[in-house]
Amino acid sequence: MLYLLEDNADYDARLEPIVEKQVSDMSYRRGIPVAEPKHWTFTAASPRRLTNWLSFGSHDLISKPLRDVLLEVMPEGIDFYPITVVQKGKEHPYFDMNVLTIADVVDMDRSGIERLSSGHPIRLQSLHLKPLPESATPIFVANGDTLPFGLLCVTEPAAANIAAAGFLDIAFTPLPVGQNIPERVLRTSKAINPFSDTPVQPPPQREISWPDPEIFTSPSLRLGPEMTDVQVQAIHEAFGIQLPDYYIQFLRNYPAILDTTPSDHRGKTPLSARDVPKDAGQLIEMNANVRQPGSIWLEDEDGDLPWPANLWVIGDASSDYYCIDTNSTEQTVYVSDHENAAIVPWAASLEEFVSRLVEKITAILEQVREERKSSAAFARSLRNSLD
Numbered sequence: 001m002l003y004l005l006e007d008n009a010d011y012d013a014r015l016e017p018i019v020e021k022q023v024s025d026m027s028y029r030r031g032i033p034v035a036e037p038k039h040w041t042f043t044a045a046s047p048r049r050l051t052n053w054l055s056f057g058s059h060d061l062i063s064k065p066l067r068d069v070l071l072e073v074m075p076e077g078i079d080f081y082p083i084t085v086v087q088k089g090k091e092h093p094y095f096d097m098n099v100l101t102i103a104d105v106v107d108m109d110r111s112g113i114e115r116l117s118s119g120h121p122i123r124l125q126s127l128h129l130k131p132l133p134e135s136a137t138p139i140f141v142a143n144g145d146t147l148p149f150g151l152l153c154v155t156e157p158a159a160a161n162i163a164a165a166g167f168l169d170i171a172f173t174p175l176p177v178g179q180n181i182p183e184r185v186l187r188t189s190k191a192i193n194p195f196s197d198t199p200v201q202p203p204p205q206r207e208i209s210w211p212d213p214e215i216f217t218s219p220s221l222r223l224g225p226e227m228t229d230v231q232v233q234a235i236h237e238a239f240g241i242q243l244p245d246y247y248i249q250f251l252r253n254y255p256a257i258l259d260t261t262p263s264d265h266r267g268k269t270p271l272s273a274r275d276v277p278k279d280a281g282q283l284i285e286m287n288a289n290v291r292q293p294g295s296i297w298l299e300d301e302d303g304d305l306p307w308p309a310n311l312w313v314i315g316d317a318s319s320d321y322y323c324i325d326t327n328s329t330e331q332t333v334y335v336s337d338h339e340n341a342a343i344v345p346w347a348a349s350l351e352e353f354v355s356r357l358v359e360k361i362t363a364i365l366e367q368v369r370e371e372r373k374s375s376a377a378f379a380r381s382l383r384n385s386l387d
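Mapped onto this note's numbering, the consecutive letters of the sequence shown carry residue numbers 1 to 387.
Just so you know, these hints were derived from the structure itself, not from any lab. Some hints here could point you the wrong way.
[To be verified] Think about it this way: if two alpha-carbon atoms lie no more than 25 Å apart in a straight line, the pair counts; the simulated SDA-like pairs of lysine to any residue are: (1) Lys190 with Pro176; (2) Lys64 with Lys90; (3) Lys64 with Trp40; (4) Lys130 with Pro65; (5) Lys268 with Ala363; (6) Lys360 with Ala342; (7) Lys90 with Pro17; (8) Lys130 with Lys90; (9) Lys38 with Glu76; (10) Lys190 with Leu124; (11) Lys38 with Phe149; (12) Lys88 with Arg14; (13) Lys90 with Thr260; (14) Lys38 with Thr84; (15) Lys278 with Thr260; (16) Lys190 with Pro65; (17) Lys190 with Trp40; (18) Lys360 with Met286; (19) Lys38 with Met1.
Working from the sequences, and respecting the hints, build out all of it.
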């Protein structure tokens, strides 16, 4: 029996290379030595706990403990290039793994491989394995670059030794010889330790109390566009917060500049339509959306976190939200930063918020208009040169 070796983490560290061109070499997972390996640095945007195996395209980023186990199983035939993963300012040593040994184990005639008209493989539909050759090493890349992507395989003894190390974030997919294995099975047949009679228990998940979405659909919340006292009380009962007086007065004395400043280059949609809505129904909808179970706005090292109950969304920040702290007497306006899973201050008061937002949007629209003018001028010049 052969096994496919891969990461088992349902987790995206949102890795970004410090210098993009550093990771352009696609030799990895092909059994091809890398000509000039570099000590790369990646940043992890997610605050979740880093796993022993992180993936970035064709690159397999391996922790030192996992590297040590793999070296015990196969001391030669794998290159490990030191790299650094930076998370929240802290550097973590990792290794970019490149397996150099190849074994001809895939029956190319019986396997289903979708190809371009040029014959280049682009998708594996099914896999049919031949008997393992005697020359095969404990860990190898199946058939090198003749497959759409590199299949990292391990022999049964090697898989048993790796599994015995007890990593919960790597997995083994059985690859029986002489059978047709659909691509779907390859994706769904992972096992953390297929050699143990005792099922591997994943680490306990913390219990999070998410709000009941039904409470945000109460008819008492749908009282019209005005933020009346009755509407404020309905929000208090449904969301468990008390809107600050300064914010209620802001809505009732809504700045005219938000009604007259456009949010798009056509000038048809004002900031009041979506960016900073004054309509109570819109505000309730936005706040209900960020509180839905399983939202992805915030997370820590253990996973997703619910939207803080005390934060009331006051506007749309393009994939993020502007909000205020209903528990604070200060008028600070915050913005959610979903890429870094954080809530950060954006303006010291609502007055500063309006001023800064108008200035920001106006500058963006002016830049868009200038770019459109330049594009139009270039198009005219091109047409004239062709006439």
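These are the hints, each one checked on the structure:
In summary, the hint linking Lys190 to Pro176 is supported, as the alpha carbons are separated by about 14 Å, within the 25 Å threshold. Pair hint Lys64 plus Lys90 holds up; C-alpha atoms about 16 Å apart against a cutoff of 25 Å. Our distance criterion of 25 Å between C-alpha atoms is met by Lys64 and Trp40, whose separation comes to about 16 Å. Using a Cα cut-off of 25 Å, the hinted pair Lys130 and Pro65 is violated, with the two alpha carbons roughly 33 Å apart.
A hinted pair counts as satisfied when its Cα atoms are at most 25 Å apart, and Lys268 with Ala363 qualifies at roughly 17 Å. Using a Cα cut-off of 25 Å, the hinted pair Lys360 and Ala342 holds, with the two alpha carbons roughly 21 Å apart. Between Lys90 and Pro17 the CA atoms are separated by roughly 15 Å; this keeps the pair inside 25 Å, and the hint holds. Taken as a hint, the Lys130 and Lys90 pair is broken in the structure, with Cα atoms around 46 Å apart against an allowance of 25 Å.
Straight-line distance between C-alpha atoms of Lys38 and Glu76 comes to about 20 Å, which keeps the hinted pair within the 25 Å bound. Between Lys190 and Leu124, the direct Cα distance comes to roughly 17 Å. Compliance with the 25 Å bound is thereby established for this hinted pair. Pair hint Lys38 plus Phe149 holds up; C-alpha atoms about 23 Å apart against a cutoff of 25 Å. With a CA separation close to 13 Å, the supplied pair Lys88 and Arg14 stays within the 25 Å bound.
A C-alpha spacing of about 46 Å is found between Lys90 and Thr260, which places the hinted pair above 25 Å, so the restraint is violated. Straight-line distance between C-alpha atoms of Lys38 and Thr84 comes to about 11 Å, which keeps the hinted pair within the 25 Å bound. For the hint linking Lys278 to Thr260, the alpha-carbon distance of about 14 Å falls within 25 Å, and the restraint holds. At roughly 21 Å between alpha-carbon atoms, Lys190 and Pro65 fall within 25 Å of each other, so this suggested pair holds.
The straight-line distance between the Cα atoms of Lys190 and Trp40 is roughly 30 Å, outside the 25 Å bound, and the hint therefore fails. Between the alpha carbons of Lys360 and Met286 the distance comes to roughly 22 Å, so the proposed pair stays at or under 25 Å and holds. For the proposed pair Lys38 and Met1, the alpha carbon gap of about 36 Å is over 25 Å, so the pair is violated.
When held up to the earlier numbered hints, the structure conflicts with 4, 8, 13, 17, 19 and fits the remainder.
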